[in-house]
Amino acid sequence: MSKKAVWNGKTLAESDETVVVESNYYFPPDSIKKEFFKESDTHTTCGWKGVASYYTIVVDGKENKDAAWYYPETKEAADEIKGYIAFWKGVKIE
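The numbering used here applies: residue 1 is where the sequence shown begins, and numbers increase by one.
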């Protein structure tokens, strides 16, 4: 079933190949609309997934800081989401 990530009236990502981990939908890297994503310097660490990197979402001049995250490198248990992007901070998954 196709899912999409929407914020501020724009579709940020859309795919029928999302992966659900801990109630978060992770979208394949080729499903995001890169024009809305700006690299962030933020990083966090998950004990079983690895180190997460973040994107700030920018739509029509409005920024949603660190509203998307991904694991460029994962620990073995999280290999299925390596490079996939998940969302929070008001981004709706439909």
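The set of hints was computed from the structure by calculation and includes no laboratory data.
Each hint should be verified, as a subset may be incorrect.
[Claimed, not checked] Derived DSSO-like pairs (lysine-lysine); straight-line CA-CA distance at most 30 Å:
1. Lys33 with Lys65
2. Lys33 with Lys10
3. Lys75 with Lys4
4. Lys4 with Lys33
5. Lys75 with Lys49
6. Lys34 with Lys82
7. Lys38 with Lys75
8. Lys3 with Lys38
9. Lys4 with Lys62
10. Lys92 with Lys10
11. Lys49 with Lys38
12. Lys38 with Lys92
13. Lys82 with Lys10
Assess, step by step, whether the Cα of Lys82 is no farther than 30 Å from the Cα of Lys10, and give holds or violated. holds, 25 Å
Quickly compare the C-alpha distance for Lys38 and Lys92 to 30 Å and report which way the hint goes. Holds. Lys38 to Lys92 sits at ~19 Å (cutoff 30 Å).
Does Lys65 lie within 30 Å of Lys33 when you go C-alpha to C-alpha? holds, 17 Å
Does Lys49 sit within 30 Å of Lys75, going by the straight-line distance between their CA atoms? holds, 5 Å
Pairwise hint evaluation, Lys10 against Lys33, where the allowed Cα distance is 30 Å at most: holds, 10 Å
For the pair supplied as a hint, Lys3 and Lys38, is the alpha-carbon distance within the 30 Å limit? At roughly 22 Å apart (the allowed maximum being 30 Å), Lys38 and Lys3 satisfy the hint.
Pairwise hint evaluation, Lys75 against Lys38, where the allowed Cα distance is 30 Å at most: holds, 25 Å
Take a quick look at whether Lys92 and Lys10 sit within 30 Å of each other, Cα to Cα. holds, 10 Å
Under the criterion that the straight-line Cα-Cα distance not exceed 30 Å, is the pair Lys75, Lys4 satisfied? At roughly 26 Å apart (the allowed maximum being 30 Å), Lys4 and Lys75 satisfy the hint.
Compare the distance between the alpha carbons of Lys34 and Lys82 with 30 Å, and conclude whether the hinted pair is satisfied. Status holds; Cα separation ~17 Å.
Does Lys62 lie within 30 Å of Lys4 when you go C-alpha to C-alpha? The hint holds at about 20 Å.
For the pair we were handed, Lys49 and Lys38, check the Cα-Cα distance against 30 Å. holds, 22 Å
When the structure is compared with the earlier hints, no violation turns up for any of them.
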